Amino acid sequence: MNTGGLINTKELQEAPSQTDAELQKATTPSQSISKPDYAILEAQLDAIKSEVKGKIGAEDAAYIRRIILIQRICEWSGRILLMLGFLQPVLWVAGVLSLAAAKILDNMEIGHNVMHGQYDWMNDSFINSKRYEWDIACDGASWNRVHNYEHHTYTNIIGKDRDFGYGLLRLSNDFRWRIKNLWQFATYILLSVMFQWGVSYHEMAAERVFFGKKKNNRKNQVTHSELKKRFFSKGARQLVKDYVLFPLLAGPLFLWVLSGNLIANLLRNLWTSTIIFCGHFTGDVETFNAEDCKNETRGQWYYRQALGSSNIEGGNLFHVLTGHLSFQVEHHLFPDIPARRYREMAPKVQAVFKQHGMHYNTGSFWKQYTSVLKRIVRYSFP
Amino acid sequence: MQQFKPAWRDGYYRAQVEAVRNLKSDMVEVILTPEKAWPSHIAGQHIALTIEVNGRLTTRVFTVACGSSFHRETKNIRLITKVNNEGAITPFLSSVTPSTWVNISVPKGSFTLPNTDKPVLMVAGGSGITPFIAMLEDAIENKLIHRAPIHLLYFAKPNEHVLQSELLALQKRTNNFTFALLTRQKDGDVEAHLSHFADAHWLVCGPNTIYEQVQKVAKLVEAPLDSEHFAALPTVNIGSLSEKETFSLAHNGQHLAVNNQKSLLSQLQEAKQPVTYGCGMGICHQCQCVKKRGVVRDTRTGELSDSAEQLIQLCVSQAVTDLEIQL
Ligand code: FES
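Protein sequence lines correspond, in order, to chains R and S. According to the numbering used here, the first sequence is numbered sequentially starting from 1. According to the numbering used here, the second sequence is numbered sequentially starting from 1.
One or more of the hints may lead you astray.
[Claimed, not checked] Now the stretches of chain S that chain R is said to cover, found in silico as 3 or more residues with beta-carbon under 8 Å:
{"no.": "1", "segment": "53-65"}
{"no.": "2", "segment": "274-284"}
{"no.": "3", "segment": "299-310"}
[Said to hold, decoys possible] Stretch-level coverage of chain R by chain S, calculated; a stretch enters the list once three of its residues show a Cβ under 8 Å from a Cβ in chain S:
{"no.": "4", "segment": "140-150"}
{"no.": "5", "segment": "271-281"}
To be clear, the hints were calculated from the coordinates, so they are not data collected in a lab. Note that this is a predicted model, so its numbers are computed, not measured. Heads up, the beta-carbon is just placed ideally off N, CA and C, and yes, glycines get one too.
Pulled out of the complex, with its shape left as it was, chain R reads as follows (with noise of 0.2 Å):
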C-alpha cells in the first residue's frame, strides 16, 4: 500500500493557491436565509452548553471506559477468531466483522472523541487528548493540529479549512473547474477506500511536504522533517501490525489473518470516511470565506458550525458506531462536550435553530449520503 497513487501534485488542488479576490469572487455567501440575532444565539447555545456541562460527571466516565472494554473485547475476539477460519469460514468472518467493528469503535467513539478533550476533565492519563493513540495510520498529533484546530476553527471556511474536499474533490463553486474534476466520483471511491492514508497524508499533502510548491507565508509549528518522520513511523507500525506481526504469529494461517486483517480496514475505511461525507458534504452545507471570520463573536462561529455540518438519523447502535458524529450539527458546535450527550442537547438546539430560522440539516442516511454522492456529480462538471 502507498500512497503515491492517491494524491499527486496535480491533483493537489487547494483554495490557497487561488489568490484571495478570486476567492472573494467565487464564494457564494449564504444570502438565501436571514442573519440571526448572533448575541442570543450565543446566549442560547451556551445555555445549552453549561446545562449539559453540569451534568457531565461518573456516568459519563463509565461510559467511555465500558465503550473501551467492548472495543478490546471485539479486538481479541476478532484477532482469536481469524484464525479460527480454518475450522469453518463462518468463524473467519465473524472474526472480520469483529476486528472491524473493534477498529471503527477505537476510531469513532474513542480515538475521535477523546481526542478532542471530551474526556479531559476525568484526568485520567490514559483517556486524555494529549496521550491517546488511535488504531489507524494518522499520527495523533498531526490529526489533532489539522482536525482539532483547523477544521473545527475554520469550519469550511475555503482556504483555511484543509478538510473540505480534502484537496481532491471540488465540492463547490469556490474552486475553479479543472478537467480532472470529471472523473472526481473516481477519486471520491479511490479516497474512502485508502481513507486511513488520506487522513494520515493530508497535513503532509497540504504542506506540500513531498510534492509542490512550498509555501513560506505558512506559520508552521511543525517541521517538515518532523512530520515525514511521524508519518513514516506510524504508518510503518499499523502495516507491520496488521500485515506482519499478526499474520506471522498465525503461522501457516497467515493468509486468513493477512486477508482478514486487510478486509477489517477497508471496511473501516469505507465506513469512516461515509460517515465523515454525510456530516460534511451533504447538498445544504455552506461554505465561508475568510472574510467571514474575521472578529468573529462567538455567536456568529457558531453560525458557521451550525450551516457547515449534517445530521443522520438513526437508532442507538447506528449513533455509537458513527461516534456520534451522526450528531455532526452538535459536535461542531460543542466539540468538547462528551459526544453521547449530544443525543440529550439535538432536541434542543433545534428549536433553537427553528426559532431563528436556520435550518437544521438532518436526514435518514440514505436521503444524507445520496445528497453526498450528487455533490460530488454535480461539482464534476463546471
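Once you've looked at the hints, dock chain S with the ligand against the given chain R.
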C-alpha cells in the same frame, strides 16, 4: 490494562481501601492497603491520594498517619484528615466503600524525625498531629526515643483533639515522651508555651498562623526548626480581577512573572517559551498542558479550576494564584 487491574495507572501505585471511619465530627480516618510494590514511607512523609469523584480523578496530598513499622506489620497505612466541606476530596472520603481501588504516589517529603541528640519539641495544630503520631510510633518502636525526651504541644479547638487515647498509649510505653493538649483561646498564645524549650530541636506542623508564630520565636531563641505547614488555600478574590495582579509561573525549572489580565498562552508566547497552540479560543486543545498546582480561571466562563493537578488550556486560562505547569 485498566480493565484487568482496576485503578491501574502508569506512574502510580494502587491501594485498596480497607476501612473508613469518622473520628470526630469533621475528622475522618482512612485505612489503605497499598500494593506490595509500594516503597514504604519514613514516618512523617506524605503521599498523594487519587480517588474518583463523580468520574473525575482527583488528587490531594495527605500525611501518612502511622509509622512504617505499622505498615510492615499490618500491610496497611492510614490517613487522617479534616473534612473541608468545600474541598475537592475530603467530603467524599467518608462515602468511599471498603475494597475500592485508589491510587497513591510514592512517599514524599523530608519532614521526618531529626537525627539529633537534643530534646525534640513538637508543635501540632489541628490535623497537623498526623506526622507526629507517625514519628512517635516509629521512634518508640525503634527505641530512638531513649536518646532524648520529646515533648508535644497539641493545639486544637476545644474538644477537637483527636487520637488522645493513642497519645496516652504512646506515653505509657516510654518515660521520654510527654504531651499537652492545648486550645489557643484558653491557653493563650502559642508563643507563651514555647519559651521553655529553647535548647530543643523544634518541629511544627499545622496551619500557617501557628507556623508563623513558632517561626518567629524559633528565630529569637535560635532553635533549629523543621516545619510542614499547610499554606492556607489561596484566597481567590474574583472582585479584584479588574486590578492587575502578578503571580509567579513555574515551568520546567524556570520562573516567569505572569499577570491576571492576559491569557497564559499569550504571556508565554511573549516570553518566547516553547508553547504549541492553534485556535487561541479554546476549541482545539493544542495549547493544553498539565497544571501541577495553583488556580486558573477559565476566561470563557469565569470558572475557577481545582488547585491540584489538572489539564488546562493555556489560551483560555488566566492566573489567579501562583502556578506551576508542565509544558
Ligand atoms: S489554542 Fe486552541 S484550545 Fe488553546
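A quick look at each hint next to the structure:
1. Figure legend: the segment 53-65 of chain S, annotated as covered by chain R; annotation consistent (6 residues with Cβ-Cβ distances under 8 Å, at least 3 required).
2. A stretch counts as covered by a chain when three or more of its residues have a beta carbon under 8 Å from one of that chain; for the segment 274-284 of chain S and chain R the count is 7, and the coverage holds.
3. Residues of the segment 299-310 of chain S with a Cβ under 8 Å from some Cβ of chain R number 3, which satisfies the need for three, so the listed coverage holds.
4. Only when three residues or more bring their CB closer than 8 Å to a CB of chain S does the claim for the segment 140-150 of chain R stand; here the count is 5, and the claim holds.
5. Only residues whose beta carbon comes within less than 8 Å of a beta carbon in chain S count, and the segment 271-281 of chain R has 0; fewer than three means the coverage is violated.
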